[in-house]
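Q: The primary structure of each chain is shown beneath.
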Amino acid sequence: MSASALAHHDGPPADYLSDSTVASWLLTTDHKRVGILYMISVTVFFAVGGLIAGLMRLELMTPKGDVLATPDSYNRMFTMHGVIMIFFFLVPAIPSVLGNFLIPLMIGARDLAFPKINLLSWYVYIIGGLMGVWILIFGGIDTGWTFYTPFSTMYSNTMVVTAAVTVFITGFSSILTGLNFVVTVHTMRAPGMTWFRLPLFVWSHYATALIMVLATPVLAISIVLVGLERLFHVGIFDPKLGGDPILFQHLFWFYSHPAVYIMVLPGFAVISEIIPCFARRPIFGYRFIAFASVAIAIFGFLVWGHHMFVSGQSMYAGAVFSILSFLVAIPSAIKVFNWTATLYKGSIKFDTPMLYALGFIGLFTIGGLTGLMLASLAIDVHVHDTYFVVAHFHYIMVGGTTMAYLAGIHFWWPKISGRTYPELWGKLSALLVFVGFNLTFFPQFLLGYLGMPRRYFEYRPEFQVLNVMSTAGASILAVGLIMPLVYLLLSLRQPRNAGPNPWGATGLEWQVESPPTTHNFHEPVLVTCEPYLYSPEEAEREYAHVQHVHSS
Amino acid sequence: MHTSSTSTAPDEGTQLLLSHFDDLDQQHLTSNLGMWFFLVSEVMFFSGLIAAYTVYRALAPDAFKLGSHHMAMWVGFFNTLVLLTSSLTMAFAVRCSQVGDRRGIVRNLILTALLGTIFLGVKASEYKTEIDHGYLPGRSFHVSEHDAEVLKAASLDANGNLDEAKFSRNKGQFQMMFVLYFFMTGVHAFHMIVGIAAVLIFAVLIRIKWFSGFGTTQVEVLGLYWHFVDVVWVFLYPLLYLIE
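Chains R and E are the protein sequences, given in the same order. Using the working numbering, the letters of the first sequence correspond one by one to residues 1 to 552. Using the working numbering, the letters of the second sequence correspond one by one to residues 1 to 244.
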């Protein structure tokens with residue numbers, strides 16, 4: 001109430017943070033506020049998931065099971081780690097926080113197409129999340145986040161049905177967000193904001209949203225089938241009754257492989273904004289990057305079978321899925337090459353977001369290249385279900401998504417909060433995260449290649465050195481991840497000192513105040529030029545200035 | 001881009017323009033597109049099941065064919081007609097909203113809900129018959145003498161003797177037909193229930209003049225949903241009842 005009242009006063013309109021009552025937050029339909037709500041909640045879930053990961057790493061420091069006492073509790077731990085991290089952090093993190101906050105600003109709109117549905121999606125997410133935490137406290141689930149049948153439907157003695165409901169509910173949150181983004185990009189663009197003037201952030205989120213809308217319902221339906229089978233034993237996944245457990249894997253991976261791109265495409269979105277800004281150059285190959293996002297979204301639907309190379313599917317199916325999986329590397333590589341080409345001869349400023357972004361490129365490249373190894377039928381048979389796979393998907397999903405999320409949070413923090421943060425601490429955290437991450441997960445490639453299976457509670461003594469390295473890396477990673485939480489929160493105590501455009505970036509979101517007002521723009525926006533118009537001359541001047549400062 | 005043309009403008013009650021839109025055209029386009037994309041995601045709901053049905057049917061043609069024969073084809077046909085008619089009345093309601101005929105909207109919406117309820121009633125009686133015959137999958141599933149004979153005939157080995165393993169597999173696949181049948185029609189019926197509720201809520205709100213329903217947004221979007229539910233049935237009916 002008071003926000004709208006303030007906005008109608010004479011004088012400058014109030015920013016979106018000005019009304020601080022709890023009700024005004026919980027009933028908000030402002031896309032920026034919903035983004036903040038998501039930011040708080042994904043941080044909490046990330047902390048929970050990270051804490052469980054820490055426990056697991058502690059457990060794996062020694063070859064014998066001694067921290068978590070029983071294999072059963074270990075199984076519950078890694079399952080909850082997977083479920084929480086994937087469904088409550090990696091999938092919603094960038095789209096729901098940064099996407100919600102930025103997409104309307106970037107396209108010159110006053111809000112998303114369906115503000116109430118946007119708020120609804122947060123509530124749905126929170127309901128799912130609370131159920132997830134409830135499972136964690138009262139018993140847990142031990143099937144792994146993949147819910148593979150027949151274990152999940154017949155043998156597991158844990159809360160499979162509740163977990164299925166949780167995932168089903170959270171899926172709807174994802175569908176609603178995706179739906180909102182697609183429609184917003186189609187109908188809410190400001191005059192002059194043509195498709196090829198959209199920032200690449202918006203293109204990537206558009207592709208992501210398409211996957212969310214198309215893939216999530218299939219997961220929902222397969223999860224319902226697991227629930228039905230478990231409750232009534234109708235036989236849909238039971239060969240004795242005419243069903244087929246492999247059917248579940250087909251349905252599950254038809255969502256869950258594209259879901260990897262739900263997690264990493266928004267990461268690309270962030271990186272495509274940061275690289276040109278800190279290299280002070282227009283992005284290289286704008287259209288290629290835009291189309292590569294859509295291509296990844298399309299290919300993503302055709303490769304689910306590479307999760308099933310050893311499920312007994314025919315050799316020919318395996319070969320086809322292998323080839324299709326290789327194809328995904330093409331648009332991914334296009335993006336990496338275009339970022340590299342943008343950096344080439346750029347006058348690069350190594351600020352915190354840029355360090356995170358460069359870290360992203362490094363980690364994503366390692367993850368992508370090992371992805372090619374896994375896509376090769378023969379190598380996959382060797383390293384299937386080993387730590388090699390664990391390392392690979394952590395490089396892509398954690399290295400990719402988390403690094404990009406942190407890069408984005410640092411990049412847009414001045415816009416979101418109106419405050420700057422201590423640059424030195426930021427750089428240190430980026431360094432610690434990068435080093436800690438590599439120390440944690442690179443040894444796991446070696447472990448997997450040497451034959452240590454994933455999801456095991458105890459292991460043979462010769463694997464211990466690498467496991468200890470991994471655990472040590474995890475503690476460095478933890479420090480690196482806690483640091484931003486501290487200094488970003490502390491930065492809220494200082495006055496608003498960021499100014500509208502602290503990085504000298506292009507893009508509509510940098511032309512409004514920090515933090516933005518409730519309806520973003522005071523007057524109608526007219527877009528007349530393409531994004532990323534970073535001029536070489538301006539970079540030249542800045543570079544000369546820096547030289548001058550250093551020499552004096 | 002300016003506010004919508006005046007030819008179909010309501011004479012009482014105007015459409016509310018939400019504050020984040022520029023004009024009614026944009027608002028109309030957005031709502032429509034939103035519903036279309038929502039329906040695309042709904043299509044994916046059913047397509048996973050339809051794909052599973054098709055594959056299982058290809059793997060076990062005999063059992064599925066026998067299952068299909070137990071579907072009451074003419075009852076399904078009657079239901080198809082009922083549902084298609086309800087789509088017609090829904091289309092009338094949309095037209096009435098465009099020309100600003102309040103009574104027409106309410107009347108046609110109620111007719112639509114009525115036809116939808118008839119469909120569900122018929123469906124329920126079908127379920128009842130099937131459950132009475134023991135076709136409900138799970139512990140109570142029962143293969144009758146006659147069905148067992150047919151499945152035995154389809155389970156002979158090369159020498160013409162009964163292959164027990166094949167027979168038991170066939171029985172399982174016969175049940176699978178009903179699993180998919182109940183699940184797909186059940187999910188469809190759930191969508192019908194949601195649709196009927198929405199239609200009735202609209203009818204009441206328009207009747208009490210809570211909003212006019214005039215113009216091209218609300219009733220039209222509701223219509224899109226209703227037609228979608230109809231179209232899904234148009235796929236399910238041949239798939240489950242008609243294919244030999």
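Keep in mind the hints are simulated off the structure, nothing from the lab. Among the hints, a few may not be true.
[Said to hold, decoys possible] Calculated cross-link-like contacts (lysine-lysine; reagent style BS3-like; alpha-carbon spacing at most 25 Å):
1) E:K152 x E:K123
2) E:K65 x E:K152
3) E:K166 x E:K152
4) R:K240 x E:K209
5) E:K65 x E:K166
6) E:K166 x E:K128
7) E:K123 x R:K240
8) R:K116 x E:K209
9) R:K345 x R:K240
10) E:K65 x E:K171
11) E:K123 x E:K65
12) R:K349 x R:K240
13) E:K152 x R:K240
14) E:K123 x R:K427
15) E:K128 x E:K65
[Claimed, not checked] Stretches of chain E that chain R covers, calculated by requiring three or more beta carbons in the stretch to come under 8 Å of a beta carbon on chain R:
16) 38-47
17) 82-90
18) 112-123
19) 135-142
[As the list claims (entries may be wrong)] Quick list of simulated restraints, FRET-style, between CB atoms:
20) E:S125 x R:I246: 48 to 56 Å
21) E:L16 x R:G192: 24 to 32 Å
22) R:P71 x E:N159: 35 to 43 Å
23) R:A341 x E:L16: 14 to 22 Å
24) E:E244 x R:L369: 49 to 57 Å
25) R:D385 x E:R95: 38 to 46 Å
26) R:G451 x E:I131: 15 to 23 Å
27) R:C529 x E:K209: 30 to 38 Å
We treat Cβ as the ideally placed atom computed from N, Cα and C, and that holds for glycine.
Q: The structure should be examined with respect to each hint, and the outcome stated for every one.
A: Consistency of the hints with the structure:
For the given pair, K152 of chain E sits about 30 Å from K123 of chain E by alpha-carbon distance, which is inconsistent with the 25 Å threshold. Taking the CA atoms of K65 of chain E and K152 of chain E, the gap is about 14 Å. The hint holds against a cut of 25 Å. Distance restraint check for K166 of chain E and K152 of chain E: the Cα-Cα separation of roughly 9 Å lies within the 25 Å cut-off, and the hinted pair is therefore satisfied. For the suggested pair K240 of chain R and K209 of chain E, the alpha carbons sit about 58 Å apart, so the restraint of at most 25 Å is broken.
For the proposed pair K65 of chain E and K166 of chain E, the alpha carbon gap of about 16 Å is at most 25 Å, so the pair holds. The hinted pair formed by K166 of chain E and K128 of chain E fails the criterion: a straight-line CA distance of about 30 Å is larger than 25 Å. Restraint check: the Cα-Cα separation between K123 of chain E and K240 of chain R comes to about 30 Å, which exceeds 25 Å; the hinted pair is violated. Restraint check: the Cα-Cα separation between K116 of chain R and K209 of chain E comes to about 23 Å, which is no more than 25 Å; the hinted pair holds.
Annotation: proposed proximity of K345 of chain R to K240 of chain R is violated, straight-line Cα distance about 65 Å (limit 25 Å). In summary, the hint linking K65 of chain E to K171 of chain E is supported, as the alpha carbons are separated by about 12 Å, within the 25 Å threshold. The hinted pair formed by K123 of chain E and K65 of chain E meets the criterion: a straight-line CA distance of about 21 Å does not exceed 25 Å. Restraint check for K349 of chain R and K240 of chain R: the C-alpha separation of about 63 Å exceeds 25 Å, so the hint is violated.
At most 25 Å may separate the alpha-carbon atoms for a hinted pair to count; K152 of chain E and K240 of chain R meet this at roughly 17 Å. With a C-alpha separation of about 65 Å, the suggested pair K123 of chain E and K427 of chain R falls outside the 25 Å cut-off, and the hint is violated. This hinted pair checks out: K128 of chain E and K65 of chain E have alpha carbons roughly 21 Å apart, not beyond 25 Å. Counting residues of the stretch 38-47 of chain E whose CB lies closer than 8 Å to any CB of chain R gives 7, which reaches the minimum of 3, so the coverage claim holds.
With 0 residues bearing a CB less than 8 Å from a CB of chain R, the stretch 82-90 of chain E misses the requirement of three and the coverage assertion fails. Interface restraint, the stretch 112-123 of chain E with chain R: violated (0 residues with C-beta to C-beta distance below 8 Å; minimum three). Given a C-beta distance limit of less than 8 Å, the hint that chain R covers the stretch 135-142 of chain E holds, as 3 residues qualify and 3 suffice. One distance hint, 48 to 56 Å for the beta-carbon pair S125 of chain E and I246 of chain R, is violated here, with the actual separation near 36 Å.
Checked against the given bound of 24 to 32 Å, the beta carbons of L16 of chain E and G192 of chain R, roughly 28 Å apart, stay inside it. Checking the proposed 35 to 43 Å range against P71 of chain R and N159 of chain E shows it is violated: the Cβ atoms sit about 50 Å from each other. Between A341 of chain R and L16 of chain E the beta carbon distance is about 49 Å. The supplied range of 14 to 22 Å is therefore violated. Range check, E244 of chain E to L369 of chain R: Cβ separation about 51 Å, and the 49 to 57 Å hint holds.
At roughly 59 Å, the beta-carbon separation of D385 of chain R and R95 of chain E lies outside the given 38 to 46 Å, and the hint is violated. For the pair G451 of chain R and I131 of chain E, the beta carbons lie near 52 Å from each other, so the given range of 15 to 23 Å is not met. Here the CB-CB span from C529 of chain R to K209 of chain E is close to 49 Å, at odds with the stated 30 to 38 Å.
This entry does not satisfy hints 1, 4, 6, 7, 9, 12, 14, 17, 18, 20, 22, 23, 25, 26 and 27, going by the numbered hints stated previously.
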